[in-house]
Amino acid sequence: IEWFYPEGPAPPFSAGTGAAACSSPATAFTFAAFCYMLALLLTAALIFFAIWHIIAFDELRLNPIAQCNTLNPLVLPEYLIHAFFCVVFLCAAEWLTLGLNMPLLAGHIWRCMSRPVMSGPGLYDPTTIMNADILAYCQKEGWCKLAFYLLAFFYYLYGMIYVLVSS
Amino acid sequence: MSAPAGSPHPAAGARIPPKLGGAAAPAGPGLGPARPQQNGPAQNQMQVPSGYGLHHQNYIAPSGHYSQGPGKMTSLPLDTQREDYYSGLYTVPTQNVVTPSTAHQQPGAQQMYGRGPPAPHIAGSTPGSFQGAASSASHLHMSASQPHSSFVNHYNSPAMYSANSSVASQGFPSTCGHYTMSTVSNAAYPSVSYPSLPAGDPYGQMFTSQNAPTVRPVTDNSFSGQNTAISHPSPLPPPPSQQHHQQQSLSGYSTLSWSAAGLLSAQDNLVRNHTGSLAAANNNPANTVADSLSCPVMQNVLPPKSSPVAPTVLSSASSARMPPTANQLVEPVASVTQPSELLQQKGMQYGDYVNNQASSAPTPLSSTSDDEEEEEEDEEAGVDSSSTTSSASPMPNSYDALEGGSYPDMLSSAASSPAPDPTPESDPAPAPAPAPAAPQPSKLAKPFGYGYPTLQPGYQNAAAPLNAGLQPGNPVYSGFQQYPQYPGMNQLSSSLGGLSLQSSPQPESLRPVNLTQERNILPTTPVWAPVPNLNLELKKLNCSPDSFRCTLTNIPQTQALLNKAKLPLGLLLHPFRDLTQLPVITSNTIVRCRSCRTYINPFVSFIDQRRWKCNLCYRVNDVPEEFMYNPLTRSYGEPHKRPEVQNSTVEFIASSDYMLRPPQPAVYLFVLDVSHNAVEAGYLTILCHSLLENLDKLPGDSRTRIGFMTFDSTIHFYNLQEGLSQPQMLIVSDIDDVFLPTPDSLLVNLYESKELIKDLLNALPNMFTNTRETHSALGPALQAAFKLMSPTGGRVSVFQTQLPSLGAGLLQSREDPNQRSSTKVVQHLGPATDFYKKLALDCSGQQTAVDLFLLSSQYSDLASLACMSKYSAGCIYYYPSFHYTHNPSQAEKLQKDLKRYLTRKIGFEAVMRIRCTKGLSMHTFHGNFFVRSTDLLSLANINPDAGFAVQLSIEESLTDTSLVCFQTALLYTSSKGERRIRVHTLCSPVVSSLADVYAGVDVQAAICLLANMAVDRSVSSSLSDARDALVNAVVDSLSAYGSTVSNLQHSALVAPSSLKLFPLYVLALLKQKAFRTGTSTRLDDRVYAMCQIKSQPLVHLMKMIHPNLYRIDRLTDEGAVHVNDRVVPQPPLQKLSAEKLTREGAFLMDCGSVFYIWIGKGCDNNFIEDVLGYPNFASIPQKMTHLPELDTLSSERARSFITWLRDSRPLSPVLHVVKDESPAKTEFFQHLIEDRTEAAFSYYEFLLHVQQQICK
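Chains as they are written, first to last, in our numbering: chain F, 104 to 270; chain C, 625 to 1880.
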């Protein structure tokens, strides 16, 4: 557990992990398994985020301002959580898992870059959100993410067991 | 501030309190009492989470802000308030509040606290009775003693005012209690009220009769006894129609409530009279207390403070739910006949109120209350006529009848031209004699592009008379049934060069036009909207295209078909247009579909006498009893003759079901920039003059309130409280945390404080002449304005002359002048900050619209500033390089715009819902508003010059219907405090073939919708994307037409006649300020053009996109129309090309907001002398903006033509006389869009470009 530094810059840690893996395979196994466990838990949280997102967009037609206000603060935490375990996987040198997460990470970064002019956090602007295109996009995004997180959840479960068993 | 006003300039640097007037005394105690009120709203603001959260609460619990404010105030004892006030005041840096209040102001203020809110707004905004059951007894007295006239306008009826004054006398506690009660403990009400219900009475009927604000006819006769049957339309036999006759004639009301042309105005007049008297009654500010006490009711009522006991609750419920009239008018009836009903009625309202609250309906529209009408099966035999489905009635009774095969009336009705319709097409437009096309084919069949000089804008050799035959209005026309033959005909026509007019069997709109060979594509008469291809009956009933247009008058059956056609599908709306004829319907029950809430309209079908089928969701609904009686014909049993079913544009007077709170008064706040820059520009003089002139014409009733704020680096408020000898200026310099110094006296009753207002307006232009303050704290000023307005809502007019440079919302210059004519990237079309957007959303939530007048000489970042109006449903005016002497034409324009702006109609706290037939859905909305739900637009204000556009998509296939309908319902509070609903219904046929889709294209509507979409695209993506999209729209639609509908050879660029102007208009758009590249365009100009595209109604937008050019030196009376005994010549339209300008002529260009008269060098001296009043060309001055009134025939003709053009639009355009040699001529020439410019194609080149793209 001493290998795990959440927000630290990636390179030194990946190097450290590599070194650790060389020196003591038992520790490395623990860390990889831990990564999967952590990812498992966090993905469960993300699934809730995604469900919340979907529900909120369903109810959006009632009051866009309130819905945007509830949704916007959740965007950054979601992205950070995802980015966080991407980093963790990087540290654990789980390249395949990292690769699978890369598209979503890139998507998140793109979303952050192209967000509307807003003083607060978040992505959703109550004045444009009712635009059918944007609404449909966001709804689709919610469903896609839910599917991705669900699949990822089982993948992590599998990955964890695999790591545990193979050791 | 008024007479001695020359001196009291606030010395800006020193921040000395300006001594306004002679009687200025140090502020101290005078302001004391103001503390609590100031504190109330302020805290109110603070509690609310900044940002968007605010709205939610307010929509759901509309009474929220009433309860909060007063609650604060009363919680503080007066003494401590004062202390508080001082401490509060002095914690702020000492200069902050400079309050030179006069000594004699104090008693007034004291007084007002002693007796509760003197401010009419509190009283006015909670009209209704707070007094409990006793109040209705008082109502009874009041209305009993009142002559009939009092029924004309229920909002102004005396009983209401008694109620108001009771509020005042009660003081705040009860109000507060009542509001909190009503919002919090909903559940309790039903149990309180229902038990008192007499068992036998039908609940719903009681309810409806009670609620309707429109019981006027009923109440008129309320003492005659017979009409219990009407007000309680229970199983009693429907009254014979004769009785109705009697009643109606007795009351003299029928003519009023059942409109037709003059009705509205008549009613208004009455209202006005009435208001006048009321205003008088209400105008005594000082002794309101005495007044209210003198009223017998009041003494009954005065409830102990803070007594949220059941009676209060009950009455408060009624006050919240019901318009005072309903109370006042109905209750007498009820209580005369059966006094026990009183309580029960309250109960009913209560229940309903709870409903509303519980469902937390965000919109008044969606209240579910009037659903309670009961099935009434026991019809009286004698009254009920044959209830068979159709045939008996002139109205088509079912969809089948409406459909009637494919296009039943096409052949007969449309044969000659759209003339049989009441559309403008039937105008005596001098359609050139349809010249037989016989000699033409040879010429026009020329190989494409053959005779055209490469760069010449004009085409070489088509002789002028040729065009005549191509004009719409060709007599040769036939039905759609002939489509099967169409391909064959196409080949024929292609061989004839697209000119087979006489033998062509297809409808005019489908006649293929070879664009590259048609030299004069623009018709010489104005382009009218195509008429939906319906049968004659429906055509007559359909909504006027001026209010409501669809881009495709024939709606494609499926999305796939729409995609194939590559045309935008959408609606163009002008819902609040000034109408000369508008049926206003006053009716107990507004008949609506039970499931989709559609208003009954001409396109519903009556299954039998008692049931109608909704044309949007196809639900079968019952016809309410009241609807069976037709007040127009005074007959019974003809629901299909009711005005609702005979007119597609109607206005209902809405009941209290449609209110979330009592109708607000008209409230106007002016926020004026008085920085150095503004004073230099000199707009204040014009504004103040204009306001002084139009003060009496401001729309509103006796409750109208007005306020002023000015700002530079500080914010100045003006205390105009009645009773002061001079207006008082209060300066707040703490712009980081703006507060209102005296929240109560800043917005004052227009009539009570008129003298003070006039004083202020006279003084304002000179007050700041020596200011050296260059900064502008617009953001804080707007925040203050929001605080000031939020208790009532209303209109804020902001005048700004520069970039805001201080406080929240400050902006930096983002324009790079070197990039103005860039062809690549145009940046900064979007806002730089979301401050203004958030503020607008907050305002919108508080029913406040912000109108922006930007009068700047330099870049002011309109892209950011415009947000304040865009999302609060305001409007935007922009006067580039405004200066009152250096730029007289702009000054004149401001003056004219202001006149219109101040006096035009206005609707408050409005929402607009657009419904459409099941299967279609709203996609995107364009205009100034906030979209609150998928089909609901929140409009804090609505003005007659606002236009909207909606993109539609087809979600489900429309195969099982042959007609679709669109309905716009605009619910608003009129300036007279009436809640009204204006409903427009448009009907269009559904078609399944691509050819039919093309046949029904409304090219102008399509262009306007495309322009709106392109604006969105430019902001969200980039300008070049938007331009590409525009070009692609032409390319795609023409290639789709070419490949699927016509079999013409692909070398020719062929368009259906309905689309022949499409490329021209798109080219015009590309050269429009909003979208042009390569020509130097200031960023603000560009953004303003975009704002206009978004918010202008179609008629004005089209002139902006494609101006009209007329030759006016040879006006004749040929084909002239007669308007008001004036002969208005109708010169033919010229195409926008320099080719048409001859040096010997004079031309008038109508660009919508501006007229240019171009005088050629060789123009006839007679014309110059007769019309312009100068001997020759050389003596015409460079700047000329008026035509002199000369007593010559040609001058008369020219002026009557220009006046006629002017009258047709709300904003009177400014006229510029442009000499051929003057530098101003570039202004004129940039509108000649068919010509080539350095940066853009000529029309012909553009066609070639399109063709090239198609062939790719």
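A portion of the hints provided could be inaccurate.
Stated by the list, open to error - A few chain C residues facing chain F, derived, Cβ under 7 Å:
1) Tyr-1508
2) Asn-1511
3) His-1547
4) Thr-1548
5) Val-1555
6) Thr-1558
As the list claims (entries may be wrong) - Computed beta-carbon distance windows for the label pairs:
7) C:Glu-1379 / F:Ser-217: 39 to 49 Å
8) F:Met-216 / C:Lys-1785: 54 to 64 Å
9) F:Met-216 / C:Glu-1304: 23 to 33 Å
10) F:Ser-217 / C:Ser-1445: 37 to 47 Å
11) F:Met-205 / C:Thr-1182: 50 to 60 Å
12) C:Asp-1660 / F:Ser-217: 18 to 28 Å
13) F:Arg-214 / C:Gln-1443: 41 to 51 Å
14) C:Asp-1232 / F:Ala-250: 50 to 60 Å
For the record, the hints were derived by calculation from the structure and aren't laboratory data.
In this text the structure is predicted, and so the values were computed from the model without any measurement.
Glycine included, each C-beta is placed from N, C-alpha and C at the ideal position.
Comparing the hints with the structure gives:
Residue-level restraint check for C:Tyr-1508 is violated (minimum Cβ-Cβ distance to chain F is 35 Å; threshold 7 Å). Taking 7 Å as the C-beta contact cut-off toward chain F, the hint placing C:Asn-1511 at the interface is violated, the least distance being around 33 Å. Interface hint at C:His-1547: satisfied, since its Cβ lies 4 Å from the closest Cβ of chain F, which is below the 7 Å cut-off. Here the hint on C:Thr-1548 is kept, as its CB sits about 5 Å from the closest CB of chain F, short of 7 Å.
Contact between C:Val-1555 and chain F, as hinted, is supported at the beta carbon level, the nearest pair being about 4 Å apart and thus within 7 Å. A least Cβ separation of about 5 Å between C:Thr-1558 and chain F falls short of the 7 Å threshold, and the interface hint therefore holds. One distance hint, 39 to 49 Å for the beta-carbon pair C:Glu-1379 and F:Ser-217, is violated here, with the actual separation near 56 Å. Distance hint check for F:Met-216 and C:Lys-1785: the Cβ-Cβ separation is about 57 Å, which falls inside the suggested range of 54 to 64 Å.
Taking 23 to 33 Å as the suggested C-beta distance range, the pair F:Met-216 and C:Glu-1304 does not conform, at roughly 42 Å. Distance hint for F:Ser-217 and C:Ser-1445: a CB-CB separation of about 28 Å, inconsistent with the stated range 37 to 47 Å. Restraint check, F:Met-205 to C:Thr-1182: a C-beta distance of roughly 40 Å breaks the suggested window 50 to 60 Å. Checking the proposed 18 to 28 Å range against C:Asp-1660 and F:Ser-217 shows it holds: the Cβ atoms sit about 27 Å from each other.
Between F:Arg-214 and C:Gln-1443 the CB atoms are about 29 Å apart, so this pair departs from the stated range of 41 to 51 Å. The hinted window of 50 to 60 Å between C:Asp-1232 and F:Ala-250 holds, with their beta carbons roughly 52 Å apart.
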